[in-house]
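If you read the sequences in order, they're chains A and B.
Quick note: the first sequence uses this note's numbering, first residue 1, plus one each step.
Quick note: the second sequence uses this note's numbering, first residue 1, plus one each step.
These aren't lab readings, by the way, just hints derived from the structure by calculation.
Don't take each hint at face value.
Copies of the same chain are indistinguishable here, so a pair counts whether it falls within one copy or spans any two.
Lysine to any residue pairs mimicking SDA-like chemistry, simulated, CA-CA at most 25 Å apart [stated by the list, open to error]:
#1 Lys277 - Arg212
#2 Lys21 - Leu32
#3 Lys347 - Thr312
#4 Lys360 - Pro432
#5 Lys261 - Ala160
#6 Lys80 - Ala36
#7 Lys360 - Ala283
#8 Lys347 - Ala240
#9 Lys236 - Glu204
#10 Lys236 - Glu206
#11 Lys277 - Lys389
#12 Lys261 - Asp426
There are 2 protein chains.
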Amino acid sequence: MPASVSEYVESNRARLLDELKDFLRIPSISTLPEHAGDVGRAAEFVAQSLRDAGLENVEVIPTERHPLVYADWLRAGEGKPTVLCYGHYDVQPPDPLELWHTPPFEPTERDGNLYARGSADDKGQMYMHVKAVEALRASLGEIPLNLKFLIEGEEEIGGASITKYVAENPEKLKADVALVSDTALYAEGIPTLCIGLRGLVYTEIEATGPMRDLHSGLYGGAAPNAVFGLVELLGKLKNADGVVQVPGFYDDVAEPAAAEKASWTSLPFSEAEFLAKEVGSSALTGEADRTVLERVWSRPTLEVHGIAGGFTGAGAKTVIPASATAKVSMRLVPNQNPEKVVAAYTKFVEESAPAGIRVKVRVLSAGEPLLVDPDHPAIQVAAEVFGAKMGKPTVFTRSGGSIPIVGDFARHLKIPTILMGFGLPDDGLHSPNEKYKIENYFLGISTIAEFFTQYGTRS
Amino acid sequence: MPASVSEYVESNRARLLDELKDFLRIPSISTLPEHAGDVGRAAEFVAQSLRDAGLENVEVIPTERHPLVYADWLRAGEGKPTVLCYGHYDVQPPDPLELWHTPPFEPTERDGNLYARGSADDKGQMYMHVKAVEALRASLGEIPLNLKFLIEGEEEIGGASITKYVAENPEKLKADVALVSDTALYAEGIPTLCIGLRGLVYTEIEATGPMRDLHSGLYGGAAPNAVFGLVELLGKLKNADGVVQVPGFYDDVAEPAAAEKASWTSLPFSEAEFLAKEVGSSALTGEADRTVLERVWSRPTLEVHGIAGGFTGAGAKTVIPASATAKVSMRLVPNQNPEKVVAAYTKFVEESAPAGIRVKVRVLSAGEPLLVDPDHPAIQVAAEVFGAKMGKPTVFTRSGGSIPIVGDFARHLKIPTILMGFGLPDDGLHSPNEKYKIENYFLGISTIAEFFTQYGTRS
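With the hints as extra help, turn the sequences into a complete structure.
Encoded structure:
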């Protein structure tokens, strides 16, 4: 038996990485119906890996769409705390495919990174939890606390099934704290716990103009154009300074405490580097009176993710398009309420339709923003372990992203969530050439194992 | 030998229609590279039909893209006038396919109409010229004037090859007047000659934001969004009242003469019917201080024909898109100059790019607007023949569409063009379920034959 988790990880590096690669080869793209079978295969892979790690009561739970995977280890007994480990095995679509240097579902090692869709978000990170259990059992022979695993396959499409499941099974999922690894270190080498997340309202707007595509010569100048109508409408949603124009949108927005804002300004951040290396455009946008971290962490936004309408093939076609659609989302911050925002947004969109244009709004998902108390004992232990492992004090940050499940855990299980992620800011989540630093995968396994040990033995 | 063209047409209806159907079955979509072979087949079909009608010196002329077809009949001799017959055998793409009631390339008779892509624009109409020659030779045994035919396969994609050919072959194409049937009657039963056409500048705008698609949670609020940037940019091109915002755009616009405007107001026109039956939306748009006919016939416009960018599949993907493109055209009126408009437009687009967004403008084609003198002798004969055939005085109108070749004939051959079209306003050019009234096909054959006869014998 290896003397420590670190030793176990060290002597099993190749296998631990190969198993992750097998997981990443499954194109479990939850939003594309043609990949439903792959999503199912990924769920089975997760279930089997939980069994192999020694977890018990492993279940693949069918839902209306993609299965949940549950497992537990309750042998530490009632005197010990219980951690609910969450992750997701589904991934974003890989398009545009032509921008990938190596195929998205053929994991490739390059420069100390593992390139694959899902390597950081979230397969590579959720798999660390499983491997931490394996490593603990193999090296220490025991796990000094109780564990429950709940892994979903719909995170990238709104997570409807897990939300329902959590709401309906609070007893089964009873725990003291949840652990999620689906975020990033603030920067390479900085242990980071994320204590705030934005909420997300995702919608589709469909605009309809004439009853059919019209000849732009014969009708141009008098007939409404669905694409231009949608363009006009979208232009009303946000001004050039990045300020959302939906009435009342900012009413409930909570400003971060002065101390939190101050801690953000002490973090290393170069706007020039962020612009050049991460964004790669000629200028940043958004609310000019806010720092970039404020804009991304503590300010709500509105984005258009995609738009399509009319003739978009090669060459020229002179039509006045009959219809056009856009995908539009809003990121919300504490204390905005998704339902209230949806209502105000829908009303504004409907009222803002240009003459001759009918609009229809579909709400695809609506998740709440979240803040976690950094003084919770589990978070204190996590911060200490994390800092000790990396040799630096842990920083508390927020993320502009959305992990709706954290809100579900708070609402239905009344527990806080530790967001202990090992990604890096340039991992390229949702982008071509997503990657995960290989060392961080191993660091994550041993850090999480150490957290389980410390939180279990100290309680 | 039949006693008249009308008798010949009457006794050959079924065959004349069947031959047109064969022509319409060829999916000669000039803008789609995968249909290049079909475009070539259509050219051969035209050449063979010209030979069959008795025309001479038939040539299929290769170009950089799709072939031209030439033929002539010069046996009337130098004392007689020469008419240059023009038409095009290429068609628009049929999409959206799902809106067609019967397949676009399987011509179908329904309610007295022939439904097919190209039935009215322009195969069904150009074919009348060929069949008029056939009918004249079969019934009268002679053609009392000289004819040249020049038929192209690039009309729907800007007509670059024919423009070059006309410029380089003024002697070969020498004629007194050109005849084009690619327009519509003002309304069912009203003989109409179109004497004005709008010009067309067709462009593509490409907007680029971040160097790759970004996660909208992690970057939303600070990173430029190529789709929203393009939306902002397009919104600056035209205001909500339909007024184009490019500086200097209206500087050279010529107002129609008071008499011409007055004649338009005397035409039967119901705005309510136009809105309900042709456009099919809840309201018209455009310059409110102009009548609908003015807006479409004598005012320049700007339209967005299509837009694409970001994620547009089913479901949700939370990206900030890296790039987006739009197809944008402007219709021009006398005396606007396409080159001048292109320069002002390109400058305005480049200067209007939002922060962080790079834009690139590609000009796909640029054609001039045109006005024809209604007092030209050939046009007077055409008006008289047309009126006599239909039992009503011929009206002079304009069209909002663009037939760039008419400008080429004016510039390089110094001849006017008779725009004698037999379409109807609801033919659905460029739209699903394009149709051509079957009776108008036969009416066109005999009217054109009668025009040839009268113009030839009177000169």
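Status of each hint after checking the structure:
1. Lys277 - Arg212: For Lys277 and Arg212, only the inter-copy Cα distance (11 Å) is at most 25 Å; the intra-copy one is 45 Å.
2. Lys21 - Leu32: within (22 Å within a copy, 41 Å between copies)
3. Lys347 - Thr312: between (30 Å within a copy, 24 Å between copies)
4. Lys360 - Pro432: Between copies only: 23 Å across chains, 31 Å inside a chain, cut-off 25 Å.
5. Lys261 - Ala160: Answer is neither; intra-copy 33 Å and inter-copy 61 Å both fail.
6. Lys80 - Ala36: neither (39 Å within a copy, 74 Å between copies)
7. Lys360 - Ala283: between (33 Å within a copy, 17 Å between copies)
8. Lys347 - Ala240: both (22 Å within a copy, 20 Å between copies)
9. Lys236 - Glu204: Both, since 16 Å and 23 Å are each at most 25 Å.
10. Lys236 - Glu206: both (15 Å within a copy, 22 Å between copies)
11. Lys277 - Lys389: Intra 28 Å, inter 73 Å, cutoff 25 Å: neither.
12. Lys261 - Asp426: Within one copy only: 23 Å inside a chain, 63 Å across chains, cut-off 25 Å.
Hint compliance for this structure: hints 5, 6 and 11 are not met, and every other hint is.
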